[in-house]
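Student: Can you make the complete structure from the sequences, with help from the hints?
Protein chains in written order, with the working numbering: chain A, 127 to 449; chain B, 235 to 441.
Heads up, a few of these hints could be off.
[What the hints assert, rightly or not] Where chain B lies over chain A, by a calculated footprint (3+ residues, C-beta under 8 Å):
hint, region
1, 210-218
2, 313-327
3, 405-418
Rather than coming from a laboratory, the hints here were simulated on the basis of the structure.
The C-beta atom is built at its ideal place from N, Cα and C for all residues, glycine as well.
Okay, here's what each chain looks like letter by letter:
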Amino acid sequence: MLIRKSDPNPIPSSEITPRSAYMNRRAFIAAGALGAAALAADRLAGVMRPEQVQADTKLATIQSPLSAKDLTPTSFYNITHYNNFYEFGPNKDDPARNAGKLQTSPWSVTVEGEVKKKKVFDIDALMKLRPLEDRVYRFRCVEAWSMVIPWVGYSLSEFIKQCEPTSSAKYVQFISVDRPSQEPGIEEVNLNWPYSEGLRMDEAMHPLTLLTFGLYGQVLPNQDGAPVRVVVPWKYGFKSAKSIVKVKFVKDQPGTTWNEMAPNTYGFYSNVNPNVDHTEWSQKMQRVIGAPFWKQLEPTLMFNGYGDQVASLYKGMDLNKYF
Amino acid sequence: MSNRVVIALKVLVHVACLAPIAWLVFHLLENTLGPDPTHAAAFFTGRGTLRLLVITLAITPVRKLVPKLGWVIRFRRMLGLYAFFYACLHLLTYVWLYSGFSLAAMIDDISQRKFITAGLAAWFLLLPLALTSTRWSIRKLGGRNWNRLHRLVYVAAISGVIHYWWGVKQGVRTPLGITVALGIVLAARPLLAWAKGRSSREVVPEA
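Tutor: Below, the structure is given as structure tokens:
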């Protein structure tokens, strides 16, 4: 298996594209030129500047060769107000409304299972383990909508090395936080809580798989999986577990929430694949979030456009069977 | 109820049914319908269809329950046709926005997906009802046949609600409200008939 080493000469932070460049260009120009008056217009247009939400949460980041250069990120507003995060309720706007209650500090991630010895990582230590990189990735939800999200994090493989899994570790399982008092959706939605997701070891070790702490150059808003989540850009979004409290290395394929709920609809692999449909809708096309209705529909890309990097992981596998 | 009041109320119903569509078209063109305008338009027109169907189906039980409100029957055809109009717009969101007018995609959907099939079945059930909504059709078919045909509206409404449940993800309960509402207007029919039967038995002296 090929694992690309991270850049030995990280670009100094002075050369990083300023955050303003990530922001919706129109909103940025408008906000600069018109000041407060533009904010009202932004709200109407569904655009919100990151600063409006949290001011003191900026992260120092470096560039990454694994980040897409030619994609325009979805607006910060849409990334933070159109979420599937059932712990906060089943509707898309529930997480933005309800996620504020979740206490993300203090926070620690427990590592157990097939490891040399059990470890507990404090969130602050975890964030300092490696330099944080800007990674602009495509994001494809199983519900046939898509975004482009400028995540911040480092390759999960860097973290896994610190966990020292034994040779019998074949899969990694991620357990999300389960606090009914802070997450009203847990009472409301009938799923097997806590939320569980998993990856095969080689998928987890792939450099594209991101241990994620932020987006748009600042710490993750709660509704996007704060304080730490994984992002697996070639898989449907539900594979990218949010608000992780436990990482478990296991011998056998772990039970995962949506797969257990509806095994014929949500496979363990759930790679983005235009040729394998959801039981209720086609996956051939997807809708771009934030685009006007006449530009929303676009073809789904195999492995969400990451086929060159990840197709080799599934060589010889029948992707219709292991969907 | 005087004709003038009914006409005024009919104008209000037209406005109430058309204004939301004007609102929808405006926001679609301005792209201010939220993050996913396609989904929003489909949801808006689909929910509108079911609401109008339930209102249409409520008219008969309301008349039976409150004889004074007998005149509401004069709104039934209009509301039923608006339900069909919303259903057509809803179908258009599927054919245009979701499928990009791709016949292959739609055939694939219809053959494989019970969610699409149920929705399409509901539309096809409403179609003959809309086509036979004229006085001429009632005369031509005869009241009894016309009534029998128009009982399809129950099947259409039930298919529509099933389509809604199959369309949302497992765990989402948004269709619950409209399901309860439809349940009430459908259950009202046999319940009212039963109550009427009982009260009429009470007044008929035993032989």
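Student: All the hints need checking, so say for each whether the structure fits it.
Tutor: Now for the hints, and whether the structure bears them out:
1. Judged by the Cβ-Cβ criterion of 8 Å, the region 210-218 of chain A is covered by chain B as claimed, because 4 of its residues qualify and three suffice.
2. Check on the region 313-327 of chain A: 3 of its residues sit with their Cβ under 8 Å from a Cβ of chain B, so the three-residue criterion for coverage holds.
3. Coverage of the region 405-418 of chain A by chain B holds in this model, with 11 residues showing a Cβ closer than 8 Å to a Cβ of that chain against a need of three.
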